[in-house]
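Protein chains in written order, with the numbering used here: chain A, 1 to 297; chain B, 1001 to 1104; chain C, 2001 to 2238.
None of these hints come from the bench; they were simulated from the model. No incorrect hints appear here.
Listed below are the simulated DMTMM-like cross-link pairs for lysine to aspartate or glutamate, each with C-alpha atoms no more than 25 angstroms apart in a straight line:
#1 C:K2220 - A:E24
#2 C:K2155 - A:D190
#3 C:K2220 - A:E129
#4 C:K2166 - C:D2139
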Amino acid sequence: MSSYLECNARERIARVFDTGSFEEFLPPAARVVSPHLAQLDAPVSFDDGVIVGRGLLNGQVVFGAAQEGGFMGGAVGEVHGAKLAGMLQRAVAERAHAVLLLLESGGVRLHEANAGLIAVSEVMRAILEVRAAGIPVVVLIGGSNGCFGGMGIAARCANTIVMSEEGRLAMSGPEVIETAHGVEEFDSRDRALVWRTTGGKHRYLLGDCQMLVADNTDAFRLAALDAIAATQGHAALTLADLEAEHLMLATRLRDFGAAAEPMDIWKTMGIPDPAAIPMLEAHDFTERVQPFRKGAH
Amino acid sequence: METLNYRFEHGRRQLAAMPQLVGVVSSGNLEVLIEAAPLNGACEIEIRTAANGFGATWQAVMSDFHERWQLIDARICINDMGATPAVVSLRLDQAAETMTGGLP
Amino acid sequence: MDWQTLASQLFPQGHTVHEHEQFLSGTGTVDGETVAVIGTTGHAPIGIEIALTQATAVLATVRTHPGRPILILVDTQGQRLRHRDEMLGINSYMAHLGKCIDFARRQGHKVIGLVYDQALSGGFITSGLMADACFALPDATIRVMGLPAMARITKVPEERLTELAKVDPVFAPGAGNYLRMGGLQAIWEDDLAARLGQALREADPVDRRRALGFERGGRKLAQPVAEAVSSGAHVLPS
Chain A
1 MSSYLECNAR ERIARVFDTG SFEEFLPPAA RVVSPHLAQL DAPVSFDDGV
51 IVGRGLLNGQ VVFGAAQEGG FMGGAVGEVH GAKLAGMLQR AVAERAHAVL
101 LLLESGGVRL HEANAGLIAV SEVMRAILEV RAAGIPVVVL IGGSNGCFGG
151 MGIAARCANT IVMSEEGRLA MSGPEVIETA HGVEEFDSRD RALVWRTTGG
201 KHRYLLGDCQ MLVADNTDAF RLAALDAIAA TQGHAALTLA DLEAEHLMLA
251 TRLRDFGAAA EPMDIWKTMG IPDPAAIPML EAHDFTERVQ PFRKGAH
Chain B
1001 METLNYRFEH GRRQLAAMPQ LVGVVSSGNL EVLIEAAPLN GACEIEIRTA
1051 ANGFGATWQA VMSDFHERWQ LIDARICIND MGATPAVVSL RLDQAAETMT
1101 GGLP
Chain C
2001 MDWQTLASQL FPQGHTVHEH EQFLSGTGTV DGETVAVIGT TGHAPIGIEI
2051 ALTQATAVLA TVRTHPGRPI LILVDTQGQR LRHRDEMLGI NSYMAHLGKC
2101 IDFARRQGHK VIGLVYDQAL SGGFITSGLM ADACFALPDA TIRVMGLPAM
2151 ARITKVPEER LTELAKVDPV FAPGAGNYLR MGGLQAIWED DLAARLGQAL
2201 READPVDRRR ALGFERGGRK LAQPVAEAVS SGAHVLPS
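Excised from the complex, chain A in its bound form:
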């Protein structure tokens, strides 16, 4: 069993998809590298930090991508974003059974600023196109860099997000917030606080993450299969979906908007012994919080 956290992007793809089934589009041998990094004296990567392609999941054709958190924090540049968008387009054209996105990203790659920003927006629209075509989009988040920035927004355009406790999903990183408003606002070195605020368990409790699994690639694989099966036939975004989400978000704001700290939210939800939450194993955690968590899908 492999730790999802410790695997690199290629290893995750190899372990989540059926063994040997993944065919990479525009592989490293094609050498399509970033055109913008050389002028900043930064190294390139032959896949520009993302693997895109098509494989099998229990025999069904699933298109997928995995961002390499080790390269530039998995951040999206021109080529990286175009690879994602192209794969998503192809998934629609070839009527994929599902799309699986293994996300690990700081968001827009600052070295490519404007190109990255537009690219993230194109990826968001492309994800929504896939859903509109009736194809489930499942996101896996469990890498050490988390899923931040524009990719944190894009992730929430998918049908389902699967996270491990180690994963994080947010918009701005704690360092950015601390730089803007000081350590009292958000102490970026308080790891426990960072994970209470943006980590998988908290997101699961709030209803922004629909499945919480242990940190191993088998668990992510199984969760992906379950998520796809549960979404078949209703992947497209409907008005009812949006209204339900709107209600969830409005209620969240009303009920938890005055909370000073995430544990206060867990208390307000009625979870017994909230201080124990961070210590629980994934399975125990999900069982214990089932009656209390929001956005149950």
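Fit chains B and C to the given chain A structure using the hints.
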């Protein structure tokens, strides 16, 4: 960034057809792209590195690599972000292993 | 340009746009047709409340005025940088707004974005950049981040970034660069009402920004790469 090129002759081991990639371009690490290429029997290695001024070290590591593996008609391309010689050798060995199915 | 002046120039036939805590809403008349207006002002930081308020307005339009065009007015300093917003999941609120806009489009609403002052980063991604087409006034500031902060995070000296910003559309803030890169359809310099009328007539639900970026030379690889991936070519056309 610095680009370094090496060419070695007199090898004997063939590579499998499919290009392979090993490693990640993260701090202290490197990626190695290895593929079969018609090079009149030579093994060509191109390195793009973020750590400038280590030409002599790279030369030594590459020569050792060629002595170990003796690859022919092989193109190896490296994107390096300051890996130590030990890590470089490790990745090169991993790459060569996947392409020859064997040990040095 | 302040939003009041903007509204009167966009809607000489009349409008009901008003502001409440940096949130703009109302309607305007264009060629006899009613257009819903939703947006922000005062360089609003986009926190969970204002993201939700904008989404509410989009959903209300979809529910009660099927087919009514929507104009999104953008003036924001980007996402609000507070622990509370992250704790409550600002990314979800922003995604929700983006999804509402995309849904409106699929229901046949034309959606036009207009950056009339500032558009930064996350505040732009889920508003103007989700429209059918996004436009800007000539003096609009559009960027990901200020150069000093970018220099700190990328560890590239600020002088180098500033130098590059002069010649490379990738870094430089500004409507002209986003135009070149395909992020903006056009810059509106003169008769705003006429431009808006034209934009509404020409609105197209297909995302053509990569093609625009390629034609204009601001993004030379995005289109060919996406094409190569979606068509199955392993080698890029030269």
